[in-house]
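Each chain, letter by letter, is given below.
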Amino acid sequence: MPESAAPRWHARFMLGLLLAPALLWLGALIVAPHLDLAVLSLRERVGPRQYAASLAQYRTFFADPLYWHVFVRTAWMSVVATLLTLLLAFPIAWVIAKLARGRAGSLLFIVCLIPFWVSETVRTLGWMILLRESGVLPGLLVRLGITDMPVELLYHDATILVGLVYTSLLFMVVPLISSLESLDNSLIEAAYDLGAGGFTILRSIVIPHAAPGITAGCIVVFMLTLGNYLTPTLLGGKNSEWFTEQIYNQFIVRFNWEQGAAFGFLLLGLSTAMVMAGLRLTGQRFGDVMRRT
Amino acid sequence: MRQICAILALALFTAGAAQAAQKLRILTWADYVPADVIAAFEKETGITVEVTLSNNEEIISKLRATGGAGYDLAQPSQDRITGPQREFGIYKPIDLTQVNLQQFQPALLDIVKRNATLDGKLYALPYLWGTDGLVANVKRAKVADYGDLCRADLKGKTSIRLRRPTLMAFAFAAGKDPFSLYGDPKAYAALMEQVGATLSACKGNVKFFYDNKDQLLNGIRSGEIVAAMMWDTGGWSLNRENPDVQFIIPRSGALGWLDTFALPARGRNDAAAYAWINFTMRPAMAARITKSVGSFSAANGTWPLLDPRLKAQFTAAFPDSALKAIHWYPAIPPGLEEIEGRVLDRVKAAN
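Chains as they are written, first to last, in our numbering: chain A, 40 to 332; chain B, 2 to 352.
FYI, nobody ran anything at the bench for these hints, they're computed from the structure.
Note that the structure is predicted; figures quoted are calculated from it, not measured.
No residue lacks a Cβ here, since even glycine has one placed at the ideal position from N, Cα and C.
One or more of the hints may lead you astray.
[Unchecked claim] Using 30 angstroms as the maximum straight-line C-alpha spacing, the simulated DSS-like pairs for lysine-lysine come out as follows: (1) B:177 x A:277; (2) B:114 x B:93; (3) B:292 x B:24; (4) B:156 x A:277; (5) B:143 x A:277; (6) B:204 x A:277; (7) A:277 x B:140; (8) A:277 x B:214.
[Unchecked claim] Part of the chain B face toward chain A, derived, beta carbon under 8 angstroms: (9) 58; (10) 59; (11) 61; (12) 62; (13) 65; (14) 204; (15) 207; (16) 223; (17) 225; (18) 335; (19) 338; (20) 342; (21) 347; (22) 349; (23) 350; (24) 352.
[To be verified] Beta-carbon label-pair distances, calculated as ranges: (25) B:352 x A:73: 29 to 37 angstroms; (26) A:185 x B:325: 53 to 61 angstroms; (27) B:191 x A:87: 21 to 29 angstroms; (28) B:140 x A:157: 37 to 45 angstroms; (29) A:87 x B:154: 44 to 52 angstroms; (30) A:71 x B:336: 27 to 35 angstroms.
Using the sequences and the hints given, assemble the complete structure.
And the structure:
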């Protein structure tokens, strides 16, 4: 008995040891701060250095249409950005996974990857140089005679979408490639042989097969977009407020950590709800999606 | 073996302590601590200086997050000291016996004493000051007061900052004195609502709400912005590049800001902080700082040492009457910033 118990104990100890960094990370840097924030969001300042438990922070959110609007706007624009990214990434992933042969495929993939060698800040500033009124693109439009005066291309909602799609493209392309690569080409050939058109094949063979990849890509892109701070603040103008900016403002500018924490939890709730709704809508399970990609 | 370990540990510990004693960590604004002044200070005292760049709100938030640890010296504005101190206890009182008070201009020292004293203890000393007013390209825009930024002929060519100084400026421009209402939150809220409505209506006129100084400077340099609410020396430095760009004192008066030295509650090296304060307030050093930053030092005796061009710009902009008309920010009572925050949020969300 002792001979067999020792190795089992040993194996369990080793497993624990191997998991320890991940568990420590999860516990100390993710779970603990969230609990702290949860407590913070449920209290209210009643006097200097005096706080009382209350739901006032959440009440403020629901009572003031201002915060509501920004919240809904952020969610809506994130959905649009995710769909645009999918539309753009799908043909790219298809070409890389199915059409390009040998080195061409990896070359194309590297082309997608290269923009990510510089930081998001630099990329976003690059967009600003291109799009600002005295920038490259408006100047080009004038020189080509398309506009009489330089137009301001920066500070619009569309500009934010461009920046967001650009930033998240890679995170959609990668899961799409891996799910498309596993699609057997003979299935498509057989479908053609049986007289199916391109659209039918896409709808009843390619998309069902790639569904987990599509869902995984959409989840990642949606979360990245919803939680993005830099791109909407730099590219967006005076009218385009992103919910993360609200959270920053509450924490840093207003010193109102309680309100900021409540906003943070509302955003967390929103992204969870949206992801769940997306999974339900496409009839998939979260575990499946994550395993297959 | 154990002895060796103990000796090693002791050696490491003392080395660490010695190094900590030789370091001064400053939390301050961009450009406030010029590299050549740091070099001179290090040469004279052997203390190395570590600078972290920030702004008023971030200074307070960073110190709040650590309970006042992580830095040995901070430079918030004089009106933002007693409020956060009362709320978060992030500073410690200044030990006046460690400071050479003769080096400070009495008038500026008085302003700080009035606004940064809590329960009989002084929490700050003045460092640099300047004013907010208007900057315009006079060939392309004629402006005399903040309200002119909202004039139809300047549509899409002006810029303001969506922060509290703008609320104050537009309140003064509307003929009201927001500072006199600091003690009356209800009336203050009503005034802020009114200013917020003005700003919301003006929003279409504004090209962007600037968030950092380079964004505004580039906007004016490129000609995208022809008039903006801006600080004086920013206007004067643009003026040196392009004489058409000028700093203009608004009819309703300039807003005077005064940034300070304050000691974070859990700073580790007060002695170095006091040495730094005394060092940077020497007239020669203060003049060097003014030359490099562009803003005026609170030190005595710098005037004869200043760049003649800056002196000329200053005297042209501020005749005695204008200097007297500067509105200095009083300490902000608690609760007001929440009112202002709501109003600013609403302006940002308005269409």
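Results of checking the hints against the structure:
1. B:177 x A:277: Within the cut-off at roughly 26 angstroms; holds.
2. B:114 x B:93: holds, 15 angstroms
3. B:292 x B:24: Distance ~26 angstroms between residue 292 of chain B and residue 24 of chain B Cα, so the pair holds.
4. B:156 x A:277: holds, 14 angstroms
5. B:143 x A:277: holds, 24 angstroms
6. B:204 x A:277: Judged against 30 angstroms, a Cα distance of about 8 angstroms means the pair holds.
7. A:277 x B:140: Holds, at about 26 angstroms.
8. A:277 x B:214: Distance of about 17 angstroms is within 30 angstroms: holds.
9. 58: holds, 5 angstroms
10. 59: holds, 6 angstroms
11. 61: Status holds, d = 6 angstroms.
12. 62: For residue 62 of chain B, the interface hint holds, since the closest Cβ of chain A sits about 5 angstroms away, which is under 8 angstroms.
13. 65: With Cβ-Cβ at 7 angstroms, under 8 angstroms, it holds.
14. 204: holds, 6 angstroms
15. 207: holds, 6 angstroms
16. 223: At about 4 angstroms, which falls below the 8 angstroms cut-off, the nearest Cβ of chain A leaves the hint on residue 223 of chain B intact, so it holds.
17. 225: Residue 225 of chain B check passes; min Cβ-Cβ to chain A is 5 angstroms, inside 8 angstroms.
18. 335: Hint on residue 335 of chain B: holds, closest Cβ of chain A at ~7 angstroms, below 8 angstroms.
19. 338: Constraint on residue 338 of chain B satisfied, holds at 6 angstroms.
20. 342: holds, 5 angstroms
21. 347: With a closest approach of 6 angstroms, the residue 347 of chain B hint holds.
22. 349: holds, 5 angstroms
23. 350: Nearest chain A Cβ about 5 angstroms off; hint holds.
24. 352: Nearest chain A Cβ about 6 angstroms off; hint holds.
25. B:352 x A:73: 29 to 37 angstroms: About 35 angstroms separates the Cβ atoms of residue 352 of chain B and residue 73 of chain A, which means 29 to 37 angstroms holds.
26. A:185 x B:325: 53 to 61 angstroms: holds, 54 angstroms
27. B:191 x A:87: 21 to 29 angstroms: About 25 angstroms separates the Cβ atoms of residue 191 of chain B and residue 87 of chain A, which means 21 to 29 angstroms holds.
28. B:140 x A:157: 37 to 45 angstroms: Given a distance of about 39 angstroms, which is inside 37 to 45 angstroms, the answer is holds.
29. A:87 x B:154: 44 to 52 angstroms: This hint holds: roughly 48 angstroms between Cβ atoms.
30. A:71 x B:336: 27 to 35 angstroms: holds, 32 angstroms
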